[in-house]
Amino acid sequence: MTQESGSDTWTVAGRRFSSRLIVGTGKYKDFEQNAAALAASGAEIITVAVRRVNVTDPGAPMLTDFIDPKQYTYLPNTAGCFDRDSAIRTLRLAREAGGWDLVKLEILGEAKTLYPDMRETLQATEILAKEGFLPMVYCADDPIAAKQLEDAGAVAIMPLGAPIGSGLGIQNRVTIRLIVEGAKVPVLVDAGVGTASDAAVAMELGCDGVLMNTAIAEAKDPVMMARAMRLSVEAGRGAYLAGRMGRRMYADPSSPLAGLI
Amino acid sequence: MDKDSFDMAVGINITLNGEARRVLAGSIADLCAEIGLNPAKVAVERNLMIVPRSTLAQVMLADGDQLEIVHFVGGG
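From first to last, the protein sequence lines are chains A and B. Residue 220 in the working numbering sits at position 220 of the first sequence, and the numbers go up by one each step. Residue 1061 in the working numbering sits at position 61 of the second sequence, and the numbers go up by one each step.
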């Protein structure tokens, strides 16, 4: 199970991936920078949004011209949806546009915090699963809600570490760990990562992966940060697999006490 | 016949991506061609129902249709 051997893969809904980093494609300066950061991140899955075509400028460059949907797994999201029906409608369109059933469900409760509306999210998860979708679900860091989502057909549980775009890092390690311990499907921290150490924390808690956008896109140098995130996800995963030392209240010398002069 | 009377004869009124628009009567594939869109890169919803890409050339627009044409953009 070492990363050097390349065998540390993870599986969501029967699909196997090597990279445990999923990156968003929003907020970049341009498509070129987005594509360069994606390459540096090593990610195999990218989230994308579904929006109206600009019918007055139909020849404008499109994301798919810069990031090949055959090379990367596009994960359509429902960002901006505040209710069940608009989220489902969005994903039906996404499935028709791209032919993909693996999707990211995200139903927001309010604009200020972008916290998920878990009642709408749970209902939408059930409906989408019945329609043959494979929903990876953005959710509150609530172990009970996570179980309910799993029962409703979520193929991955994606609790927030902190509010979307906040960069505050993982606010409650205990609840993330409780979700990891209770889940039979992959758990990915989605939202809240600000810098590399935050991603490492998520992986050290035993998460299967991390999803981020702003932490890379709003870095001074997004391509360099993308690489740092790739390394931190690998480092955190390695530390989790290695099994960290126990915590002690007081010091324990590393050099032998015997033989002192 | 001049353009105005031509529009009166064969044009229909639809709502496309939230905006009122007068277009030539025809299929959704015809509409995509008219506005210069590649149907392979978009998805179409007509009156809240998905129109499968394989049927875009068969589905004819009707006066008053509500159309949404979407594609993938950057997002988190």
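Warning: the hint list may mix true and false statements.
A few chain A residues facing chain B, derived, Cβ under 7 angstroms [as the list claims (entries may be wrong)]:
1) K29
2) D30
3) R51
4) R52
5) V55
6) A60
7) P61
8) I67
9) T73
10) S86
11) I88
12) A97
13) G99
14) L102
15) V174
16) L178
These are computed hints drawn from the structure, not numbers from a lab. Values in this document were obtained by computation on a predicted structure and should not be read as measured data. Just so it is clear, CB atoms sit at the ideal spot from N, CA and C, and this is done for glycine as well.
**Asked** Close enough to count: is the Cβ of A:D30 nearer than 7 angstroms to one in chain B?
**Response** violated (10 angstroms)
**Message:** Next item in the hint list is A:G99. Is there a CB on chain B closer than 7 angstroms to its CB?
**Reply:** This hint is violated: A:G99 lies away from chain B, its Cβ roughly 9 angstroms from the closest one there, beyond 7 angstroms.
**Request:** Answer holds if the nearest beta-carbon of chain B is closer than 7 angstroms to that of A:I88; otherwise answer violated.
**Result:** violated (11 angstroms)
**Item:** Per-residue hint verdict: A:R51, partner chain B, C-beta under 7 angstroms
**Value:** holds (5 angstroms)
**Asked** Given A:T73 as an interface hint, is the shortest Cβ-Cβ distance to chain B below 7 angstroms?
**Response** Violated: closest Cβ of chain B sits about 13 angstroms from A:T73, beyond 7 angstroms.
**Request:** So, A:R52 near chain B? Judge it on the closest CB pair being under 7 angstroms.
**Result:** holds (4 angstroms)
**Request:** Using 7 angstroms as the Cβ threshold, decide whether A:I67 counts as touching chain B.
**Result:** Result: violated, 9 angstroms to nearest chain B Cβ.
**Message:** A closest beta-carbon separation below 7 angstroms is what the hint needs, so does A:A60 meet it against chain B?
**Reply:** violated (10 angstroms)
**Asked** With a cut-off of 7 angstroms, does the beta carbon of A:P61 approach a beta carbon of chain B closely enough for the hint to hold?
**Response** Since chain B brings no Cβ nearer than about 11 angstroms to A:P61, farther than 7 angstroms, the hint is violated.
**Request:** Grab the minimum C-beta distance from A:A97 to chain B and call the hint holds if it beats 7 angstroms, violated otherwise.
**Result:** holds (4 angstroms)
**Asked** Regarding the hint that A:S86 lies at the interface with chain B, is the smallest CB-CB distance below 7 angstroms?
**Response** Since the shortest Cβ distance to chain B is 11 angstroms, the answer is violated.
**Request:** Mind checking the CB of A:L102 against every CB in chain B and telling me if the closest is under 7 angstroms?
**Result:** It is violated, given that the least Cβ distance between A:L102 and chain B is near 14 angstroms, above 7 angstroms.
Consistency note: the structure conflicts with the earlier hints numbered 1, 2, 6, 7, 8, 9, 10, 11, 13, 14, 15 and 16.
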